[in-house]
Amino acid sequence: MKKLALAAMLSVAAILPAAAQETVDWMHIASIPEEVALMEAAVAEYEAANPGITINMQFLENEAFKAKLTTLLQSDAAPDIFYSWGGGVLTEQAAAGVLRPVEDLVDPAVAEAIGAGGMSAFTRDGHVYGLAQQVSEVVLWYNKALFEQAGVDPASLETWDGFLAAVQTFKDAGITPLAVGAKDKWPAHFWWSKLVVRLAGQDAFDAARKGENGGFAAEPFVKAGEMFLELAALEPFQEGFLAAAYGDASGYFGDGKAAMHLMGDWDYGAMKDNSASKAGIPDDQLGILPFPTIEGGAGDPTDTLGGINGWLFHKNAPDAAVDFVEWYTSAEVASRFGNAGFFIPIAKGAADNMTNPFKVQIAQSINNAHWHAIFFDQELGPQVGGVVNDISAELAGNALTAEEAAELVEEAAADIR
Amino acid sequence: MTTITTSPAAVAPPRRARRYMDRKSLVPLLLFLPPALFLFVVLVVLPMVDAASFSFFDWTGYGPMTDFVGLKNYEDVLTHRHFGTAVRNSLIVIAVSLAIQLPLAMWVSLALVEKSWGVNAIRTLFFLPYMLAEIAAGLIWKFVYDGNYGLVPTVGDALGTSLPHVLGDKVWVMPAIMLVIVWKYFGFHMMIYIAGLQSIPSEVIEAARLDGVKKWQIVRHIKLPMIWGSIVISVFFSIIGALQLFDLVIPLSNGGPNNSSHTIVTFLYQFGILRMKLGFGGAVSVMLFIACVVITVVYRRLLFSREVD
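In the order they appear, the protein sequences are chains A and B.
Just so you know, we're using this note's numbering here: the first sequence kicks off at 1 and counts up by one.
Just so you know, we're using this note's numbering here: the second sequence kicks off at 1001 and counts up by one.
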């Protein structure tokens, strides 16, 4: 009897701590204080509703996060939940077995709310490794006051020729036409990517990936380089753009020093945060232009470039991690971030009440897109994506020919095919 | 460099090689060597062997290594279009360190070796940059060089011209980085020299002065030869330090603009680690390791031996 009681006590003792205390490490890259405050509030709310579960928020800056993740995920300090852009990096992580497949755990209602596109972005070989939370799009932000000052009609930028003419007009008026953070390289790769989206379109891009028709050395990719060089020849970027990181360029645009900035929708908040005044460009002075269309380009005019971002689960993640992310990406929670203008939530209905006119406009354009291309540097994986970033920064600095650029991308792509 | 012991063997000094056979020195050897040796093996030798083994595989860093590729990674490194730039930059860093930094440190140390008013404060001032973390120093200088908000454009405005965005300019980026390196490390070498100069017996200098030897001749024929050991050490630190330069460059230029300011180690980081090509990175690190070993061995043969004798 005594033994039985002891055994019972021991088993209770063994179960209790597990049920009473569970810590979930959650690694994010959000740096805007107001957004982090919303995240902390959500964590507090979740912890209150789920006693015994502690969500431990960990922050890494964007560039540091990308650099450290590989090592981190294979160490004892691996976070249970971490940020992801999907794409080729996710493919590598899934193949290496550092992720936890969660298709059996995810509530079908949650998958339904996220939608087929969002779920497939985080699925590899039939396994779901994470949940999508937000969609983003790279757009041409512009400063209305500077357009007025230089006498440029935004409608004239509809075509590539009109765009180049406008860049020249800004130059003549002594206004920096474009801001870009080429030190980080990926901001420059948006230019090459957008040109490829316009010139090659989805079919040619997919074919190039498989190595068909000469792969990335094919004509539309060379042409993208040529048009990028055509733009670079006008010296449209701010002085010292090769030494400017994303934050510098974002602040430069936010300070009203450049007419345009080709950047993701997140720059709406980041531009304010990075500006000297922390206020950035007032909403009534800020506008969004679609990327210029190119005559003869194979891409659909509705094609967009951007991301479907969300959260992945490490192989040692507890069930509670999945439960938290299901709740966190739900329309109920994600809409708070959408309404505050931090990102566009993917969950059905979450974006319906967004009031920020820019985010609403971007959400519509993604919804109407024939092809929502994922950021090339993420989609193609670090080996090829890294080269795309390299050549983009070099094209922006006029330091490479279009043929060389296309050849280098193809070389890297052939290497991993 | 003689060892003072009370053992009978000391009466007739044994040859160097036999010294460790001495029982009295064997005990401390067995007692004190293993912990250091253990740490050295676990933290230095094993990771090195590990990195060397990566270099024969095509490996992303995730999961087990399975794709053996022989020497392909080495071939890829040697034919990489930015590897030549990285090697060239590392050589420039060595050259500038030896040709500008060390003479500067020597000059300053000759001026500051005599104890007089304010000398200590100036020494500390020159030594401070060395105590600063590399990343912090890099960030400080990034702000100094920043072409829009930094010190450089302010100075340019005061002079009535616009100075280049040095970190975004292929021509200026290396000189800009070199300036930071000299600023940061010359104080360290200055300290080595000062310590050397202070160990010179003052009678020697005094005797020379009484014999009417000129100041410059004292430096050339007495001071420099007598601190030869310090110079040998500081040159060695300079070369090896230059080959391993990494954490100043990352915050300053991150290897840019357009990969023109990579050193061998930032090249390894950018194209090996960040691109998830750890085999490629392993090959770079093996080559760098071999270069360091060769330099060390040759250098020891040529110079350290002279010091010992």
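One should not assume that every hint holds.
[To be verified] Straight-line alpha carbon distances no greater than 30 angstroms define the calculated DSS-like cross-link-like pairs of lysine-lysine that follow:
no. : chain 1 : residue 1 : chain 2 : residue 2
1   : A       : Lys257    : B       : Lys1170
2   : B       : Lys1072   : A       : Lys68
3   : A       : Lys210    : B       : Lys1072
4   : A       : Lys315    : A       : Lys66
5   : B       : Lys1115   : B       : Lys1184
6   : B       : Lys1115   : A       : Lys68
7   : A       : Lys223    : B       : Lys1170
8   : A       : Lys278    : B       : Lys1115
9   : B       : Lys1184   : A       : Lys68
10  : B       : Lys1170   : A       : Lys66
11  : B       : Lys1115   : B       : Lys1142
12  : A       : Lys171    : B       : Lys1142
13  : B       : Lys1142   : A       : Lys66
14  : A       : Lys257    : B       : Lys1142
15  : B       : Lys1115   : A       : Lys66
16  : A       : Lys171    : B       : Lys1184
17  : A       : Lys66     : B       : Lys1214
[What the hints assert, rightly or not] Residues on chain A that point at chain B, a partial pick, calculated with CB under 10 angstroms:
no. : residue
18  : Glu61
19  : Lys66
20  : Gln93
21  : Pro101
22  : Glu103
23  : Lys144
24  : Glu230
25  : Leu234
26  : Tyr252
27  : Gly256
28  : Asp273
29  : Ser277
30  : Pro382
31  : Gly385
32  : Ala396
33  : Asp415
It should be emphasised that the hints constitute simulated quantities derived from the structure, not laboratory data.
Think of the CB as a built atom: it goes at the ideal place given N, C-alpha and C, for glycine as much as any other residue.
Tested hints:
no., hint, verdict
1, A/Lys257 to B/Lys1170, "24 angstroms, holds"
2, B/Lys1072 to A/Lys68, "26 angstroms, holds"
3, A/Lys210 to B/Lys1072, "23 angstroms, holds"
4, A/Lys315 to A/Lys66, "19 angstroms, holds"
5, B/Lys1115 to B/Lys1184, "24 angstroms, holds"
6, B/Lys1115 to A/Lys68, "49 angstroms, violated"
7, A/Lys223 to B/Lys1170, "26 angstroms, holds"
8, A/Lys278 to B/Lys1115, "52 angstroms, violated"
9, B/Lys1184 to A/Lys68, "27 angstroms, holds"
10, B/Lys1170 to A/Lys66, "26 angstroms, holds"
11, B/Lys1115 to B/Lys1142, "36 angstroms, violated"
12, A/Lys171 to B/Lys1142, "28 angstroms, holds"
13, B/Lys1142 to A/Lys66, "22 angstroms, holds"
14, A/Lys257 to B/Lys1142, "21 angstroms, holds"
15, B/Lys1115 to A/Lys66, "52 angstroms, violated"
16, A/Lys171 to B/Lys1184, "40 angstroms, violated"
17, A/Lys66 to B/Lys1214, "61 angstroms, violated"
18, Glu61, "12 angstroms, violated"
19, Lys66, "7 angstroms, holds"
20, Gln93, "6 angstroms, holds"
21, Pro101, "15 angstroms, violated"
22, Glu103, "21 angstroms, violated"
23, Lys144, "23 angstroms, violated"
24, Glu230, "19 angstroms, violated"
25, Leu234, "18 angstroms, violated"
26, Tyr252, "7 angstroms, holds"
27, Gly256, "13 angstroms, violated"
28, Asp273, "16 angstroms, violated"
29, Ser277, "13 angstroms, violated"
30, Pro382, "4 angstroms, holds"
31, Gly385, "9 angstroms, holds"
32, Ala396, "9 angstroms, holds"
33, Asp415, "9 angstroms, holds"
In this structure, the hints that do not hold are numbers 6, 8, 11, 15, 16, 17, 18, 21, 22, 23, 24, 25, 27, 28, 29, in rising order.
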